[in-house]
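Asker: Given the structure of chain A, go ahead and fit chains B and C onto it with the hints provided.
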Amino acid sequence: MNEENQNDAQIKDEQTSAILATSTIIIFFAVYWFFQIQSVRELLELAYG
Amino acid sequence: MPTSILGPYTRTILTGAAIIGLLLFSFTYARVSVWIEVQPFFEWMETTWFGVIGKTWGAAFAFIEAIHLIGLALLGGSVIVGEGRILGFVFTDIPARTIIDRAHKVFFWALMTLLATGVFMACGVAMKIYYLPVYWYKMLALGTGILFHFCIRKPLLQRELEKINPWVTKAVAISSLMIWFTVAATGRWIGFSG
Amino acid sequence: MLNELVYNFAVWLDDTRWSAMLHESYYMYNWVESTHVLTLMVSLGMLFLIDLRMLGYALPDVPASKIADRLSIPMLVGFTIMFITGISLFYAVPVRSVQSVWFRTKMVLLVVCAVNAYLFHNRMNESVSSWDNDARAPSRIRLGAGLSLGFWTIVVICGRFIAYDWFDCDYEQSAFIEFFAGCVDGQERF
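Just so you know, the protein sequences line up as chains A, B and C, in that order.
My numbering numbers the first residue of the first sequence as 1 and each following residue consecutively.
My numbering numbers the first residue of the second sequence as 1001 and each following residue consecutively.
My numbering numbers the first residue of the third sequence as 2001 and each following residue consecutively.
Keep in mind that the hints were calculated from the coordinates and are not lab data.
Warning: the hint list may mix true and false statements.
Unchecked claim - When the alpha-carbon atoms are kept at most 30 Å apart in a straight line, the in silico DSSO-like pairs for lysine-lysine are as follows:
hint : chain 1 : residue 1 : chain 2 : residue 2
1    : A       : Lys12     : B       : Lys1170
2    : C       : Lys2066   : B       : Lys1105
3    : A       : Lys12     : B       : Lys1163
4    : B       : Lys1154   : B       : Lys1105
5    : C       : Lys2066   : B       : Lys1163
Pulled out of the complex, with its shape left as it was, chain A reads as follows (with noise of 0.2 Å):
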C-alpha cells in the first residue's frame, strides 16, 4: 500500500514537471515563431515593398 502511495506520488511529480515543461516550450516556441515571421514579413515588405 506505502508502495502503491510512493509509486502515485511519483506519477504525480512526473505529471507535474510535465505540465511545467510543455507549457513553457508551447508558450516560448509560439512567441519565438511568431517573432520569426514577423522579422520575414518585415524584410519581404522592406525588399518588394
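Answerer: Chains B and C in isolation, oriented as in the chain A frame:
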C-alpha cells in the same frame, strides 16, 4: 524506498529550477560572458583532426552532412510515429507501450548519429558557426529537446499509461514535435546564413 | 545530340519568367529547398522505418504488413511534397541541374528505387501472411529492404553534392565527365 530531500515534488522543483536558470541565462549578460569564454574552444575545434578534414576536403564534409540528413530522417520518422501514436494518428490498434518503446530505440540511435556527424561538421566550420546566432538557437533547441526527452518524457511514459492524464501525454507529444521541428528548421537555416 | 536537346530545353526553361523569379527571390528558393530537405523526415523517415522493420531492427513486434500499410500513406504524402519541391528547385536552376553528374545520378537512382519498391511491394504481398509476425522478414524481402536503404542513402548523398561545382561544365573536365554531365561544345549558358 528513501524519499528525496526535496520531498514528493523533486522532479517538478528541479524542472522549475532548470527553466528559471535557462531563462535567466538566456536573457542576462551571463549568456554573453559564457559565449566569450567558449571562443578558445571553438578555435581549438578547427585545429582537430575533424576540423582539418572538414575544411580541407569539401567532399568529406558533404558526405558527413548527407549522413546527418539520414539521421534527421530517422529521428523525424521515430518522433512522428511515437508522438503520432500518443496523439492517436497512427497505429491506434497497436498498444501505445509497444510503439513508444520501440520508437524510442530508433530515436536514440538516430540522435547518436546526428550528434556524431554534427560534432564533425561543427569542427569543420567552428569559427563560422561561433558567430552565427542561429547556430546558438539550434543548440538551445537541441539541449532543450534532449533534456525534455530523457528527463521529462521518458520517465513519464515509462509509467502505466492508463494512470497518466491523457492531456498531459498529448501536451508532451505536441511539445516534442515542436522542439524537434525547431531543431531541424534552425539546422537548415544555418546553411543559409553566413 | 540528346545532350544538345536536353541543354536547349533547359535553356528554354531558364528563360521563362517564373524560373528567374524563383531563382532570384529573396526567400522563396530557400523555403522551397528547406521544405524539400525537411520533408525528408516524413518521406524517408517512414520508408526507413519500413525497411528497418523488414531487417528486424525497428518495431519487431509490430506486424510487418501493418507497418508497411500504415506508414505508406504519410510516406507517399512526403514523397509528393518532395517531388513538387524537387521540380521547383530544378526549374529555378535548370541548366546547371541538368548538367550536374550528381543530379543525373540521383534521377537514375530514383527510378531504380521506384522499381525496387514495386518489386518489394509485390514480393511482400505474395508472402506476408506466412512471416507477418516474425521479427525479421525472409531473405529476399530483407535484400529488397537493404537495397532500398542503400540506394536512398546514395540519393541523399547525390542530392547534397549537387551544390558543389567540382564537375561543372564551365570548368575544364575529362572527356568522361563531359560526356556524363552532357556538356555541349560552345555552350554559353551554365
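Asker: Determine for every hint whether it applies to the structure shown.
Answerer: Each hint tested on the structure:
1. With a C-alpha separation of about 16 Å, the suggested pairing of lysine 12 (chain A) with lysine 1170 (chain B) holds against the 30 Å cut-off.
2. Pair hint lysine 2066 (chain C) plus lysine 1105 (chain B) holds up; C-alpha atoms about 19 Å apart against a cutoff of 30 Å.
3. This hinted pair checks out: lysine 12 (chain A) and lysine 1163 (chain B) have alpha carbons roughly 10 Å apart, not beyond 30 Å.
4. Of the pairs offered as hints, the one joining lysine 1154 (chain B) and lysine 1105 (chain B) holds, with about 12 Å between alpha carbons and a cut-off of 30 Å not exceeded.
5. Our distance criterion of 30 Å between C-alpha atoms is met by lysine 2066 (chain C) and lysine 1163 (chain B), whose separation comes to about 28 Å.
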